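Engineer: This is what each chain is made of:
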Amino acid sequence: VERAVADLLILVLMALFAAATYAIVVIGERAV
Amino acid sequence: MTPQMGLQFAVYMAVLLLLVKPLGEYMARVYEGEPTLVGRALGPLERGTYRLLGVDPEEQMGWRRYALAVLLFSAAGLLLLYALLRLQGALPFNPQGLPGMTPEVAFNTAASFVSNTNWQAYGGETTLSYLSQMAGLTVQNFVSAATGMAVLVALIRGLRARSATAIGSFWVDLTRSTLYILLPLAIALTLLQVSQGVIQNLGDYVTAQTVAGGDQTLAMGPAASQIAIKQLGTNGGGFFNVNSAHPFENPTALSNFGEMLAILLIPAALTYTFGRMVGDTRQGWAVLAAMTIIFVGLLAVTGVSEGSGNPLMAQAGVDVTVSELQAGGNLEGKETRFGITNSALWATATTAASNGSVNSMHDSYTPIGGLVPMFLMQLGEVIFGGVGSGLYGMLIFAILAVFLAGLMVGRTPEYLGKKIGPREMKMAALVILVPPVAVLLGAAITVMTESGVAGVQDAGPHGFSEILYAFSSMGNNNGSAFAGYGAANPVPAVVGGVAMLMSRFWIIVPVLAIAGSLGAKQRVSAGLGTLPTHTPLFVALLIGTVLLVGALTFIPSLALGPIVEHLLLAEGRTF
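Chains D and G are the protein sequences, given in the same order.
At position 9 of the first sequence the residue is numbered 9 (this note's numbering), and the sequence of numbers has no breaks.
At position 108 of the second sequence the residue is numbered 108 (this note's numbering), and the sequence of numbers has no breaks.
The set of hints was computed from the structure by calculation and includes no laboratory data.
Treat the hints with care, since some could be wrong.
[To be verified] Here are a few chain D residues that face chain G, going by a calculated C-beta distance under 7 Å:
id: 1; residue: 6
id: 2; residue: 8
id: 3; residue: 18
Here the structure is a predicted model, which is why all the values come from computation and not from measurement.
Built from N, CA and C at the ideal position, the CB exists for glycine as well.
Could you build the full structure based on these sequences and the hints that come with them?
Structural biologist: Given below as structure tokens:
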């Protein structure tokens, strides 16, 4: 169970990173 | 520096620089879609790949679409690799029955290989199945390198375009980089390595009897094919834990020379490709000159520092001088078959490029000898740097250099006929600031947590150097380790994983934004007030900009680590 929770947290972390990266694309587009 | 050391350095540089033009010309032909011998042989494979994946090779992408393709492709790679590493225990090609990685180390490793960092928080032979090595890590060695090359080519297209919004197709650039450049070179280097004794098999580990009568397990595996691309793609992740210090990974002087050459080969040659593609090869030579001058200067510092050895040893009566009878100097952590010269050369090359493979343990270097690899990474991996990423990083520094020159004379800066405006400068600032944030914040969080400092091996400033080196490596997508620091604990593994992703993808996006922005601008003719960017003056300006930004950002933290350690060494204290 502990490992499954850790897997889930890692996936959430990846999703958060992806969202932040997409935000940079949007900000970049506005700047450009 | 001994004459032998100087001669070996000179031979290495001469061979490297001689290969720049032919390989750079070939790569330009590949990206321009011009006919080549390899292209004729592998053309059907390229076209078949597009058909299979439903890619239109004629599609021209704007920068946003190009960036999303890069991000989606990398995100898919990250998830697949994470799943593979977690589930390897239930998958085939696992003769040792190794279990799946822990979640935090699997995340760190997946982030590491997708971002072309190849930092290793694990030991290959004790952690990874053959399937994970071949289908996971080796595949990422190819495609993460090809991604960097594709982004560079997109930036070059933006720089040379005459008012165009498209910067090419990511899928075409990715396929051509892999198929026509990385794959043929990797096959050639694999064969050279196998001829030198590097192993390539899928057999069980072998138990051998030592001379002393004990048993020793010898790890096996498909090492040669992974080692070739690890060097050519500036990946650096070793098949074995001790990387290219392992006799099965790098057994002879020739295998060592081949691997060292492969580290800088593509990044150096891409400068010529850049010059050829923008229609003025002098531009490429100027960038190469700036890279070479910084590299040779810092190589000499490492060589002299390691050749001089530890002064405390000499004070204790140990003969550390170089002579016909002994290597002398600081041989701790180095393989006797490579000696100080080829260890120092490798350490400098691997950290100048964002390679990160090692043939000696950097933790055992003298304080100044260890400072140089750390500083080379902190410069942003632009002194040759990673394949593609090194040159696009250096071109951002070139844009910053012309901006600074413009400020001095009060003119709007231009680079290759493109006016550099506030939008490009904002994006360039982001590119330059993201790695220091990843390095300094990551190191700060780590030294403040129990889990972070638990992996430190040594006390005092050397212990701090181990942490700073680890984050300089991860935060600049290098991947080499100081060897004394274990980053498999949860905090450094997760923080490091995020740092690697940040310094890869939060740089790629603004670089592509610059490509799109510059591509849409008209080219202006050079006037009397235009700063020529192919002259020795510009080379000096570029070198000054790179060194100044690196020094201002990192000297305070270096002062707490290797600099204070060096000063304490002079007082007789060692760590």
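Engineer: Can we keep the residue 18 of chain D interface hint, with Cβ of chain G closer than 7 Å?
Structural biologist: 6 Å, holds
Engineer: Tell me if the interface restraint on residue 8 of chain D is satisfied: Cβ within less than 7 Å of some Cβ in chain G.
Structural biologist: This hint is violated: residue 8 of chain D lies away from chain G, its Cβ roughly 9 Å from the closest one there, beyond 7 Å.
Engineer: Verify the interface restraint on residue 6 of chain D: the C-beta must sit less than 7 Å from at least one C-beta of chain G.
Structural biologist: At about 4 Å, which falls below the 7 Å cut-off, the nearest Cβ of chain G leaves the hint on residue 6 of chain D intact, so it holds.
The structure does not agree with numbered hint 2 stated previously, though it agrees with all others.
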